[in-house]
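Trainee: Protein chains in written order, with this note's numbering: chain F, 1 to 442; chain W, 1 to 225.
If you're looking for bench data, these hints aren't it; they were derived computationally from the structure. Among the clues, some could well be false.
Unchecked claim - Computed, partial: chain F to chain W, Cβ under 8 Å:
#, residue
1, S293
2, V295
3, D298
Claimed, not checked - If you want the footprint, here are the derived chain F segments under chain W, 3+ residues with CB under 8 Å:
#, stretch
4, 346 to 353
5, 359 to 368
Beta carbons are placed, not taken as given, at the ideal position from N, Cα and C, and that holds for glycine.
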Amino acid sequence: MLKVKSSAAYRIAITYSAAFALAVVLLGAAMYQVADADFRRQQDGLLKQEAANLAQEYDEGGLPDIVSAIETREAGSSIKAFGYALFDHSGRRIAGALDTARPTLGLGMIAFRDPIEGPDSARADARDLRDGYRLVVARDTEIMEGIDRTIVLLFGSAFVLVIAFGVVGALVLGGYLQKRLDGISGVARAIMSGDMAQRVPVGVRGDEFDAAGAALNTMLDRIGQLMDNLRQVSSDVAHDLRTPLLRLRNQLEQVGTVEGAAARAIEQGDAVLALFAALLRIAEVEGGGLTRSFVLADVSALTIDIAESFAPAFADGGRRLTWSVAPGIAVLGERELIAQALVNLLDNARLHTPPGTRIEIRLVADDRTAQLSVADNGAGVPVADHARILQRFARGEASRTTPGNGLGLSLVAAVAAAHGGSVAVADNDPGLCVTLTFPKVA
Amino acid sequence: MHVLLAEDDVETAGFIADGLRALAHGVTHVTTGDAALQATIDGSFDAVILDRMLPGIEGLEVLRQLRARSNRVPVLLLTALGGIADRVDGLDAGADDYLVKPFALVELAARLNALARRSSGADAPTRLEVGDIVLDLLRRDVTRAGRTVYLQPREFALLEQLMRHAGRIVTRTMFLDLVWGFHFDPQTNIVESHLSRLRTKLREGFTDDPIETIRGSGYRMRVDA
C-alpha cells in the first residue's frame with residue numbers, strides 16, 4: 001500500500017517540507033552570523049570603554065587611584081563582568097585578579113587561569129599607561145558563546161520540527177492522495193477487465209478529485225454509449241443486410257426464367273448500395289471534421305427551394321405540402337447536409353403518412369437559434385418510440401412494411417449534432433412533428 | 001469519342017472499357033498515374049476518366065499536373081471516397097465531374113457525353129433550340145412552335161438541361177446535381193414529378209412528346225422531333 005519511493009504524492013510532500021527545512025537552516029545561519037558579529041562588536045566596545053575609564057583614573061590620580069579603582073570594581077561586582085590586570089614595566093602583575101601573562105597591545109584573545117575552573121580564554125583589551133604600566137581589561141566569552149549556542153539550539157530544533165512535521169504531513173497527504181487516486185485506478189482496472197458498469201466514486205465536496213472523477217464518469221458514459229451504438233450498428237447492419245441480399249439472391253435465381261427479374265435484381269442491388277451510402281454519410285457526419293467546410297448558409301432560401309421542389313411530388317401522392325418560412329435566417333454549416341436533413345424529414349413524412357395528409361414546413365428563429373420543423377397530421381408515432389426512432393435502423397412498428405432503411409432520422413440527428421444543434425421529436429396531436437434546432441448566426 | 005481510362009483495378013477497368021466500347025467509344029486504358037500523364041502528352045483525348053487512387057502519381061496529382069500544363073481536356077474523377085470534403089478537393093484540383101463508386105455504366109456514359117459536349121460546343125449560348133422548341137436563357141421564356149409555354153423555375157431548369165444535352169441521356173442524379181446541387185438521392189422522386197409537369201405543359205396542343213423516358217437510365221430530348 002505504501003509505495004513511498006515511487007509515489008508522486010509522497011515525493012511532492014517530502015520535497016515541500018525539505019524546502020521548508022532548508023529555509024529554516026538558511027535563516028538560522030544568517031541569524032547566527034549577524035547576532036554573533038553584533039555581540040562581538042558590542043563586547044569590544046564595552047571592553048574599550050572600561051579600559052578607557054581606568055586609564056583616566058590613572059591619568060588623574062596616578063597608581064594609587066587606579067589600583068583602588070580596580071579593587072573597588074573587583075570587590076563590588078557581584079557578577080564578574082570584567083577581569084582586570086595591571087602590569088608594571090617588568091611584566092609583573094601589580095593589581096587585579098586576572099591571572100594572565102602580560103599580553104600584547106590592543107584587542108585580542110588572551111589565556112588566563114580561572115581560580116575555580118582553571119585555564120580559560122577571554123577577550124581582552126590591553127593598553128599602555130605612562131611609566132611603563134600596562135592595563136588589561138578582559139571579559140569572559142562564555143556569555144557570547146551561550147547566546148550563540150541558544151541560537152543554534154533554537155534553529156536546530158526548528159529544523160528538526162519542520163522535518164518531523166514534513167514527514168508526518170507527507171505521509172498523511174501522500175496517503176490521502178494515494179487513496180483518492182487508487183479509487184480511480186481501481187475503477188480503470190475493473191473496466192479494463194471488462195466491467196464497463198464501474199464508475200469513479202465522486203464525493204460530495206466537489207473538490208478537484210470529485211471534478212476529475214465526474215468528468216471521467218461522463219467520459220465513460222459517452223464511451224459506453226458509443227460502444228453500445230457500435231455493437232448495435234454492427235449487428236443491425238448484418239441483420240438488415242441479410243433481407244435485401246436474400247431478396248437479391250432470389251431475384252438472380254429467377255433471371256432467365258421470370259420476366260423482369262434482372263431489373264428487379266438491379267433495383268434490389270441499388271437498395272443495398274443506398275443503405276451503405278446512407279451509413280457512410282452518417283459516419284462522415286458523425287466523424288466530425290466537416291466544420292472546416294462550414295460557410296454561412298441561407299437556410300430560408302434553401303428551405304423554400306426544397307419546399308417548392310417537393311410540393312409537386314407530394315401533390316402527386318395526394319398529400320398537401322405547405323410552408324411558412326421566416327426570411328433571412330442564416331446558419332453556419334454545410335448547405336448540402338442541411339438540405340439532406342430536411343429532405344429526409346420530408347421523405348419520411350411522405351412515406352409514413354396516408355394520402356390526404358397535410359405536411360407543413362416551418363422555419364422560425366429567435367435570438368440564438370433557428371428552428372426548422374416538419375409536422376404532419378398523420379397517424380404519428382407512439383410517444384414511447386420518440387427517442388428510439390432517432391437511432392440507426394430503428395423503425396416504428398407501423399412502418400415495418402413501408403420502404404426505408406431506418407437511417408433517415410439518424411442522419412438528421414447526426415447533421416443537427418454536427419452543426420452544434422439538436423433534434424426533437426414531438427407529438428403533433430395528431431401526427432408527428434420533428435424539429436431541428438441550429439445555433440443561429442446573427 | 002476517344003476516352004483515356006486511368007484505373008488500376010482490373011475488374012472495374014474491364015467493366016468500364018467494355019461498356020464504353022459497346023457504346024462505340026474508343027478507350028485507351030492505363031493503370032498508373034505516370035502512364036496517365038504520359039498518355040495525355042503523347043495523344044489527344046475527348047475525355048479522361050481518372051481514378052483518384054492510382055499507383056505512382058495519385059489521381060489528384062495527375063489532374064493538377066495536367067491543369068498546370070494548361071491541358072483543358074474534360075476530366076471525370078472516379079472515386080470510392082464519397083465524402084463532402086473529398087468532392088470539394090476533387091473539383092478544386094480541376095475535375096469537371098465527380099462520380100462515386102459504385103456507379104451504373106449508363107450514369108458514367110451520360111456524364112462523359114455531357115462533359116465532351118460541354119468542352120466542344122459553343123461555350124455560352126443564350127438561346128437553345130431543339131426541333132420546334134426554343135428556350136431563351138436571357139428572357140427566361142420558352143416557346144413551342146412559336147407559342148409561349150409557361151414554366152415554373154425548376155421546370156425551366158430541367159428543360160434547359162435536356163436541351164443542352166439534346167439527343168443524349170440525362171440521368172436522375174445528373175438532374176439532381178445540375179438543377180438542385182444535391183449529391184444525394186432523395187427517396188421522393190422530385191425529378192419525375194417536375195418532369196411530368198414539364199412534359200404536360202410542352203405537350204399541350206401537340207400530339208407528340210419531345211421528351212422520352214429511357215427506362216432505368218433517365219430522360220432524353222428527341223432531336224428528330
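Trainee: In ascending order, which of the hints set out earlier in this document are inconsistent with the structure?
Mentor: The structure conflicts with hints 2, 3, 5, although it agrees with all the remaining ones.
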